[in-house]
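S.K.: So you can see what is in the structure, the chains are spelled out below.
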Amino acid sequence: MADNQTDALIEAINFTQMLRASVTKVFDNLADGFQDSQGNEKALLNEFQKSLLAVNNDFNELERVGNGLYPLSVNSPNSVHLSIDPATDKTPLYSQLIQSYKWSNKAHELAGYVIGPLDQNAKLKRSMLIGSTLQAKKLRRVPPSGHAATTVYVDNIVTRLDQKMPDISMSITRPLGSSAILQVSLGKILKAVVALRGLIIEWVTVKGYQEDLYSEDGKVDLWSQSRYQVFRKVNDSATAATLHFYSPHNAELALQSFLHWFQSYKTLFSAPCSKCGKHYHQGSPPTWRDLRNTDPYHDVCKP
Amino acid sequence: MGVVCVYPYPVPEEKSGQQVVDTIQKQLELLGAHKSGNFFVDCESYQSNLQTATQQRLLHLFHNSEQPATCFSVLDNGMCLVSDLLFEVLILKLAEKKSGKDSYYQQRKGFKVESKGQRYELGDFIIKVGSVIVASNFRGILIEVEYSPCVIPSECWNLMKEFIQSFMGNIAENPPAHIKSKMDTVYTPEDTIQQYLEHFNNFRKATSASVPATPNR
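Line order of the protein sequences matches chains A and B.
Just so you know, we're using the working numbering here: the first sequence kicks off at 1 and counts up by one.
Just so you know, we're using the working numbering here: the second sequence kicks off at 1 and counts up by one.
Everything labelled a hint here was simulated from the structure, so no lab data went into it.
Note that this is a predicted model, so its numbers are computed, not measured.
Glycine included, every Cβ here is placed at the ideal spot set by N, Cα and C.
Treat each hint with caution, since some may be false.
List of simulated lysine-lysine pairs, BS3-like, C-alpha gap at most 25 Å [what the hints assert, rightly or not]:
#1 A:K302 <-> B:K93
#2 B:K116 <-> B:K15
#3 B:K205 <-> B:K15
#4 B:K182 <-> B:K161
#5 B:K112 <-> B:K205
#6 B:K112 <-> B:K93
#7 B:K205 <-> B:K180
#8 A:K278 <-> A:K188
#9 A:K278 <-> B:K161
#10 A:K278 <-> B:K180
#11 A:K302 <-> A:K278
#12 A:K42 <-> A:K25
#13 B:K116 <-> B:K98
#14 B:K205 <-> B:K109
#15 B:K26 <-> B:K112
#16 A:K266 <-> B:K205
#17 A:K266 <-> B:K97
#18 B:K15 <-> A:K188
#19 B:K97 <-> B:K116
#20 A:K188 <-> B:K98
#21 A:K266 <-> A:K278
#22 A:K188 <-> B:K182
#23 B:K116 <-> A:K275
#24 B:K26 <-> B:K15
#25 A:K106 <-> A:K188
#26 B:K101 <-> B:K116
#27 B:K26 <-> A:K266
#28 B:K116 <-> B:K205
Heads up, incomplete: computed chain B residues facing chain A, CB under 8 Å, no partners named [stated by the list, open to error]:
#29 E29
#30 L30
#31 L122
#32 V151
#33 N158
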């Protein structure tokens, strides 16, 4: 479309030039004057008529081509007004507009060509692009296995962590089949029940040192809350921490980091807040521990 | 049962005991504490009455509303027996005269001490503002502050100190003498009774000292 337009324009310009040439010739001839030396008036008249006819022809041609032209900026009729801005030299907006219009038209057209070949490729599988299926298998992520750890493996890891962390003592029970329940006690400060699925922490309940971890029927009590406000707050932070440390690909590290963080609660009652430097705030000691450096903070003093 | 600190609160001469209690209660309510009923701690004393013994021994029988089914018996050398409430019946039997024989124990008259008043809760803190009554006379104020989640006094002492000082001022600069000796052991209800005994004895001494003064007034 645009090409047709350009061609027509070029043609029109050519015709204009031809018309000007023929008109100039006629006027040149007229200006020079006809000097009839041989008295051959008829020949002169013929010649004059011929050049007038040429002018006429050129004019007709130009008119024909000119009719075929249409305003360039059909899509942005308002931009036409830019062209009549007298300050054109200062703001070459209109010419740039035309230029970009042409560019975008061209890009659109090329995109039209490209979509054909690309469409064929889109149906190919990605592994084909990489090359061989073997390579593709290597690149695929290993599915997380943290939840599928065997009981022996879990036992080993828990025993090792128990030895590694002097402040924490842990014991494993399996009241619900293969999933382990860790009973963690932290000095004479607090106790916790950690339910594991494989090695992934699924649930944490924090209670006071004097509170019973077993319900009346002798089972480990996973669900009831602590009597004390301070341990309920610790429970909330611990639940948040399980999410923070959650990592199904490296569940052992996640468990270790969680327990390391949890260990910091051995100073639950004795450590002052890192921000305000005080112990007491609204009935509680600093119950929140920073997840990275385990600094104690009050709920309202969190960084 | 957590760590408990009991402190006597001074009553200025120009104020009555009730006024001071009201001020403290108002202060606690401003801090955000809410009332959770009444409490009492009482103590009766018995004297051993054995002819053979060279020296008379005292036995203090305590009740604490926080442990309503228990009675505590403390000897004057600090030995404490924690028992069921039925033990009191046994003591009463021992204090009875039987078939002309003298009883083994004898209740000391006018020696009953009681501290009772309003119980408040603020978060995990339990605050008890008690008026001490010796032989039905008001003698002073004892304030008991308990931090229930913790069992090791040394762990939570700084926290309790900050809290106690927030409404009582500098009275709680040091932990009570009885706790001081066992900062790192697990706190038991017995230790609360020992603290009360110490304060009750002080109030009794003050009473007996002031008794001769009353006729001169």
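S.K.: If a hint holds in the structure, say so; if it does not, say that too.
M.R.: Going down the list of hints, with the structure as the test:
In summary, the hint linking A:K302 to B:K93 is not supported, as the alpha carbons are separated by about 61 Å, beyond the 25 Å threshold. For the suggested pair B:K116 and B:K15, the alpha carbons sit about 19 Å apart, so the restraint of at most 25 Å is met. At most 25 Å may separate the alpha-carbon atoms for a hinted pair to count; B:K205 and B:K15 meet this at roughly 22 Å. Our distance criterion of 25 Å between C-alpha atoms is met by B:K182 and B:K161, whose separation comes to about 17 Å.
Proposed proximity of B:K112 and B:K205 is supported: the alpha carbons are some 13 Å apart, at most 25 Å. As the CA atoms of B:K112 and B:K93 are separated by approximately 19 Å, the hinted pair is consistent with the 25 Å bound. Under the criterion of a C-alpha separation no larger than 25 Å, the hint pairing B:K205 with B:K180 is consistent with the structure, at around 23 Å. For the hint pairing A:K278 with A:K188, the CA-to-CA distance comes to about 22 Å; that is within 25 Å, so the pair holds.
A C-alpha spacing of about 11 Å is found between A:K278 and B:K161, which places the hinted pair at or below 25 Å, so the restraint holds. Of the pairs offered as hints, the one joining A:K278 and B:K180 holds, with about 22 Å between alpha carbons and a cut-off of 25 Å not exceeded. Note on A:K302 and A:K278: the hinted pairing holds, with a Cα-Cα distance of about 13 Å set against a maximum of 25 Å. The straight-line distance between the Cα atoms of A:K42 and A:K25 is roughly 19 Å, inside the 25 Å bound, and the hint therefore holds.
Taking the CA atoms of B:K116 and B:K98, the gap is near 35 Å; set against the 25 Å cutoff, the hint is violated. Simply put, B:K205 and B:K109 have alpha-carbon atoms about 15 Å apart, close enough for the 25 Å limit, and the pair holds. The hinted pair formed by B:K26 and B:K112 fails the criterion: a straight-line CA distance of about 29 Å is larger than 25 Å. Of the supplied pair hints, the one linking A:K266 and B:K205 is violated, its CA atoms being roughly 43 Å apart against a limit of 25 Å.
Distance check on the hinted pair: A:K266 and B:K97 sit about 56 Å apart at the alpha-carbon level, beyond 25 Å; violated. With a C-alpha separation of about 43 Å, the suggested pairing of B:K15 with A:K188 is violated against the 25 Å cut-off. This hinted pair does not check out: B:K97 and B:K116 have alpha carbons roughly 32 Å apart, beyond 25 Å. Only pairs whose Cα atoms come within 25 Å are accepted, and A:K188 paired with B:K98 is rejected, the gap being roughly 50 Å.
In summary, the hint linking A:K266 to A:K278 is supported, as the alpha carbons are separated by about 17 Å, within the 25 Å threshold. Restraint check for A:K188 and B:K182: the C-alpha separation of about 15 Å stays at or below 25 Å, so the hint holds. Taken as a hint, the B:K116 and A:K275 pair is broken in the structure, with Cα atoms around 39 Å apart against an allowance of 25 Å. Pair hint B:K26 plus B:K15 holds up; C-alpha atoms about 16 Å apart against a cutoff of 25 Å.
Between A:K106 and A:K188, the direct Cα distance comes to roughly 78 Å. Violation of the 25 Å bound is thereby established for this hinted pair. At roughly 37 Å between alpha-carbon atoms, B:K101 and B:K116 are farther apart than 25 Å, so this suggested pair is violated. Using a Cα cut-off of 25 Å, the hinted pair B:K26 and A:K266 is violated, with the two alpha carbons roughly 35 Å apart. Taken as a hint, the B:K116 and B:K205 pair is honoured in the structure, with Cα atoms around 20 Å apart against an allowance of 25 Å.
At a threshold of 8 Å, the smallest CB-CB gap from B:E29 to chain A is about 14 Å, leaving the interface hint violated. Because the closest C-beta pair between B:L30 and chain A is about 13 Å apart, greater than 8 Å, the hint is violated. The closest approach between the C-beta of B:L122 and any C-beta of chain A is roughly 5 Å, which is under the 8 Å cut-off, so the hint is satisfied. Here the hint on B:V151 is kept, as its CB sits about 6 Å from the closest CB of chain A, short of 8 Å.
For B:N158, the interface hint holds, since its Cβ comes within 8 Å of a Cβ in chain A; the closest pair sits about 5 Å apart.
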